[in-house]
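Participant: Listed below are the residues making up each chain.
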Amino acid sequence: MKIDLVNVSKAYGQGDAQFWALKGATVSATEGDFISIVGPSGSGKSTMLHIFGCLDKPTEGEVRVDDQLISTFSDRQMSRIRRDHIGFVFQQYFLNASMTTLQNVLLPMQLAGVSDGKKKAAAALEIVGLGSKLRSYPSQLSGGEQQRCAIARALANSPSIVLADEPTGSLDTKTGKNVLDMLMTLNSEKNLGVVIVTHDEAVAAKAKNMIHVLDGRIS
Amino acid sequence: MSWIILANARKRKVRVAMTVGGIAIGVATLFALLSLSAGIENALDREISGMGAHILLLPEGCPYELTLALMQGSDAFEHIPAELLPDIRAVGNVSLAVPVVVGKAKVNGQLSSIYGTTEEILQVRHWGIDELKGAVIGSDVAEKLGLAVGDTVTISLYNSLEIEITQVLEPTNGRDDTFVFVSLEAAQQVLGLTNRLSAVLIRTEIVTESTRTQYTLGRMSDIQAVPPSDIFERLMELFASIKQTLILITGIAIVAGVMTTMNTMTMAVFERKKEIGILRALGSTKFNVFKLFVTESLLLSLVGGVVGLIAGYIATLFLPKTSGFGLEATPQFAPIYVVICLVVAVIVGVTSSLYPAMSAARTQPIKTLREL
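Residue numbers (my numbering), protein chains in the order written: chain A, 1 to 219; chain B, 1 to 372.
No lab work stands behind these hints: they were computed from the structure.
Where hints are given, some of them may not hold.
[Claimed, not checked] Which chain A residues face chain B? A few, computed with CB under 10 Å, are given here: (1) M1; (2) K2; (3) Q18; (4) F19; (5) G53; (6) D56; (7) T59; (8) D84; (9) Q103; (10) P108; (11) R153; (12) I218.
Since we're looking at a predicted model, the values are computed, not measured.
Beta carbons: idealized from backbone N, C-alpha and C, even for Gly.
Excised from the complex, chain A in its bound form (with noise of 0.2 Å):
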């Protein structure tokens, strides 16, 4: 699956208040990618995230999934690229606190209709590291292993594509290294495609291809 922004701006608010996260940002991603975007806060890094990853819409510009214009597809178009062909990991995690990894990992699966959904989460989880916790819930988990099990639900669905948002921001060096080389391995091994937003360079320094963001503009 290949992803293509071209000439992307995205604003937010009306009239006086409107204030432009992007302009005229052109980028691809595809399988195999490692593609880091740098830039400091309010750049505009995120909301290039989530274009790419089909949860917003471009004020201008195009998106192609697939060479497929995404400004004429529908909620529900939108919602199955997400399910099937892109996966998530956001630097709060954001894991469902009532569930535990195993149905957190499940949860996308189930939405996709997976019959055997169990064994494969289940073995999701055994991929990150987590195969000892399928019952634990996220408040009895370690940070880093929180990120973990949000990166065996962002892999449920076999996608194309990771798209992670300051996976290691809320890490420690350690972990966030170790949350690193994990993306880093299922790309190499797997061919997945990693898009990951930081701010921080020497993450940014191990993809394969880095892009700076300033005031919305890719420079």
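Please arrange chain B on chain A, whose structure you already have, making use of the hints.
Facilitator: The following block gives chain B in isolation, referenced to the frame of chain A:
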């Protein structure tokens, strides 16, 4: 989807309990109302048809009030002169005229209903006994006062009499269980109603000509002749209007339940914005989110409905049996009441969740995740 709902319910036990409780109270009230109403209707039917009369002769006054007083065994303070009895018996087509006098008196110091009549009563009431001698008592009276055949009781009001109990009736599940049956003269003496009657039960030879007989009897002075079926219909109409009011009040309680559930669900949507945002990011469609909230509400309402049915059933068992026209009414349970209550619960669940579910479905994933 059910495990997602269960996982959420475990996290919000108090809120879930309050929602289930609110619906359960409404459903319990509705169920109790339906089964008690049916019980009262049944009791009315049983008591009026159980009189065994084709025509009921009453003193002048409100026939419904007088009939209820007769059924309850209370003196209505309006009476038929006993000297009319031969004239009544002489009317064509009257095969049997059973004089009755009722009133409350003390039986061994405890207030009970006294029913004075003649042995002719045995031709209209089928108690399985051959004669009305001494005192024949209902099963409830026997139990309440600890009386048995052979005991002598003191019955007193205006006068006092000592009478031996000759029979204890088998339970009839009706008002007869609460009466002390004595001879007409004995009752008149105790109640101070010499030469006066509370009512006369008439049986006709040719039932199809009862209406004509009723008109003839009705023309006699100081009495009115009414067919018990008319009384039953009018009392049922009266009861129906009471029932309608009660159903309306229950309906208002249920609407309040809908509002409360709607409020709970709306708050739940607000509280669960993060969860909704994650669901949407993971690929839930708007419809999936909508369905999740409606299903959750539906499940809570069904649980509330079942809890309400059980609570309503238990409540009816503990409510005082004497209710509605002072009759002993046993609640009637019918499968249709269960269906009605569960349908109401489902309607409450669905209607109360529509707005919150739409609001949840409209949640923009990106906006939610940005706010967190």
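Participant: Decide, hint by hint, whether the structure agrees.
Facilitator: Right, here's what the structure says about each hint:
1. M1: Violated, about 14 Å.
2. K2: violated, 19 Å
3. Q18: violated, 16 Å
4. F19: At about 13 Å, which exceeds the 10 Å cut-off, the nearest Cβ of chain B leaves the hint on F19/A violated.
5. G53: holds, 8 Å
6. D56: holds, 5 Å
7. T59: violated, 13 Å
8. D84: holds, 7 Å
9. Q103: holds, 6 Å
10. P108: holds, 4 Å
11. R153: holds, 8 Å
12. I218: Constraint on I218/A not satisfied, violated at 20 Å.
Hints 1, 2, 3, 4, 7 and 12, counting from the list given before, are not met by this structure.
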